[in-house]
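Chains as they are written, first to last, in my numbering: chain A, 1 to 115; chain B, 116 to 226.
Because the hints were derived from the structure by calculation, they are not lab data.
There's no promise every hint is true.
So the derived label-pair ranges between C-beta atoms look like this [said to hold, decoys possible]:
id: 1; chain 1: A; residue 1: Arg15; chain 2: B; residue 2: Thr181; range: 47 to 57 angstroms
id: 2; chain 1: B; residue 1: Glu120; chain 2: A; residue 2: Ser5; range: 24 to 34 angstroms
id: 3; chain 1: A; residue 1: Arg59; chain 2: B; residue 2: Glu120; range: 28 to 38 angstroms
id: 4; chain 1: A; residue 1: Gly72; chain 2: B; residue 2: Glu130; range: 41 to 51 angstroms
id: 5; chain 1: B; residue 1: Tyr184; chain 2: A; residue 2: Lys71; range: 40 to 50 angstroms
id: 6; chain 1: A; residue 1: Pro8; chain 2: B; residue 2: Tyr184; range: 37 to 47 angstroms
Glycine included, each C-beta is placed from N, C-alpha and C at the ideal position.
Below are the chains, spelled out letter by letter.
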Amino acid sequence: DTGVSQDPRHKITKRGQNVTFRCDPISEHNRLYWYRQTLGQGPEFLTYFQNEAQLEKSRLLSDRFSAERPKGSFSTLEIQRTEQGDSAMYLCASLRTSGPTGELFFGEGSRLTVL
Amino acid sequence: GIQVEQSPPDLILQEGANSTLRCNFSDSVNNLQWFHQNPWGQLINLFYIPSGTKQNGRLSATTVATERYSLLYISSSQTTDSGVYFCAVVTIYNQGGKLIFGQGTELSVKP
Chain A
1 DTGVSQDPRH KITKRGQNVT FRCDPISEHN RLYWYRQTLG QGPEFLTYFQ
51 NEAQLEKSRL LSDRFSAERP KGSFSTLEIQ RTEQGDSAMY LCASLRTSGP
101 TGELFFGEGS RLTVL
Chain B
116 GIQVEQSPPD LILQEGANST LRCNFSDSVN NLQWFHQNPW GQLINLFYIP
166 SGTKQNGRLS ATTVATERYS LLYISSSQTT DSGVYFCAVV TIYNQGGKLI
216 FGQGTELSVK P
């Protein structure tokens, strides 16, 4: 499978614990995006990377959230001190482009449940 | 910021019927994508269609960028077409290619 891969697919955690999600983009895709989707809503942008540089962060990305893409390949999204409101599907997408935009491809998502 | 409105919010069809889903957006865009979200939550790419018309089997899409809308046509619907359909756009002012999603249309196809 050469699509966008996310791990884990499901995570159940207790309030206050830290969680980390991993995204492996399509090979040679230079842009990588993180989105969050809650029940009944469309996905909302969190942040994106151009290679290893994090170029934009949404106001949704509180200081408990941190994302990295250290070598310009896979990315991690960490949530510290989780809260019940963090329960959502976390989606990763990637894109290969030399211009401002192009077709994004999404992974299967990581579903987080905070008890 | 840009507003993306999809209609109708919900749609129930009998198998074999045709349908049209609409996406209106409030500003100029240089990217528009249609997705189908499957029951497991994955977004499946249907069309990358900043302008013009495309067809893929029973599905087709048209974007009229100058009038700020896009339409997704589903013909001879099947129960497997059920799910949520999202339209998402990138404004011409965003250099990062960030997609902004609508709220989706939830389609239910009955046998």
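Going through the hints against the structure:
1. A:Arg15 <-> B:Thr181: 47 to 57 angstroms: Holds, since Arg15 of chain A and Thr181 of chain B (Cβ atoms, about 49 angstroms apart) stay within the stated range.
2. B:Glu120 <-> A:Ser5: 24 to 34 angstroms: Given a distance of about 33 angstroms, which is inside 24 to 34 angstroms, the answer is holds.
3. A:Arg59 <-> B:Glu120: 28 to 38 angstroms: violated, 22 angstroms
4. A:Gly72 <-> B:Glu130: 41 to 51 angstroms: holds, 47 angstroms
5. B:Tyr184 <-> A:Lys71: 40 to 50 angstroms: holds, 41 angstroms
6. A:Pro8 <-> B:Tyr184: 37 to 47 angstroms: holds, 39 angstroms
Checked against the numbered hints given earlier, the structure breaks only hint 3 and satisfies all the rest.
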